[in-house]
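Undergrad: Input sequences plus hints: build the corresponding full structure.
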Amino acid sequence: DTGVSQDPRHKITKRGQNVTFRCDPISEHNRLYWYRQTLGQGPEFLTYFQNEAQLEKSRLLSDRFSAERPKGSFSTLEIQRTEQGDSAMYLCASSPGQAAGELFFGEGSRLTVL
Amino acid sequence: GIQVEQSPPDLILQEGANSTLRCNFSDSVNNLQWFHQNPWGQLINLFYIPSGTKQNGRLSATTVATERYSLLYISSSQTTDSGVYFCAVEYPGGYNKLIFGAGTRLAVHP
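If you read the sequences in order, they're chains Y and W.
Residue numbers are given in the numbering used here: position 102 of the first sequence equals residue 102, and the series is strictly consecutive.
Residue numbers are given in the numbering used here: position 83 of the second sequence equals residue 83, and the series is strictly consecutive.
Hint data in this document are derived by calculation from the structure and do not stem from the laboratory.
This one's a predicted model, so the numbers in the text were calculated from it and none came from an experiment.
Worth double-checking, as some hints may not be accurate.
[What the hints assert, rightly or not] Derived Cβ-Cβ restraints for the label pairs, each shown as a range:
hint, chain 1, residue 1, chain 2, residue 2, range
1, Y, 8, W, 50, 32 to 40 Å
2, W, 75, Y, 83, 38 to 46 Å
3, Y, 60, W, 92, 29 to 37 Å
4, W, 15, Y, 18, 17 to 25 Å
5, W, 40, Y, 54, 23 to 31 Å
The beta carbon of each residue, even a glycine, is placed where N, CA and C say it ideally should be.
TA: This is the structure we're talking about:
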């Protein structure tokens, strides 16, 4: 399968711990996006990469959050000192980078902070 | 920023019924996508439809960009159609970044 892949699918952690999520985009897609979705809401944009460059960050991305895409392929999203309010589904998407291109999403990583 | 409103927020159908979901957006868009979120949380692409009409089996969609709305039609609904349907739009210069509506929660009963 050559879709967007995310790992882990589920993560349960205690408040104050650090967690890291990985996203592997569709091969040759140069744009990669992270979204967060809380219960009953639509996904909300967090950040976006064009190749290895992080070009936009939402105000939702506090300083406890950091994202990287070191070689323009896979990306990681790290949350430091997790809080209960961080519990959510973290979704990754990629697009080919055309002027108006279709986004494809992964299965998501569900985080529960106890 | 651009606003995306979906209606109705909740919809209950008997199997075999037809339905229409609506998405209104507040400004010009480059792109509009419809997704179905399955029970495991994955967003499944239904349509990439910045304008015009497309059909895929029992589903079809129409976007009237000049009037800033899109419609998703589901015909002969099945229980497997249950879930949340999201409309998402990309504004000009948005680098494919999608802004989502709050979704329509559909339950199809046998």
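Undergrad: Of the hints stated earlier, which fail here?
TA: The structure conflicts with hints 3 and 4, although it agrees with all the remaining ones.
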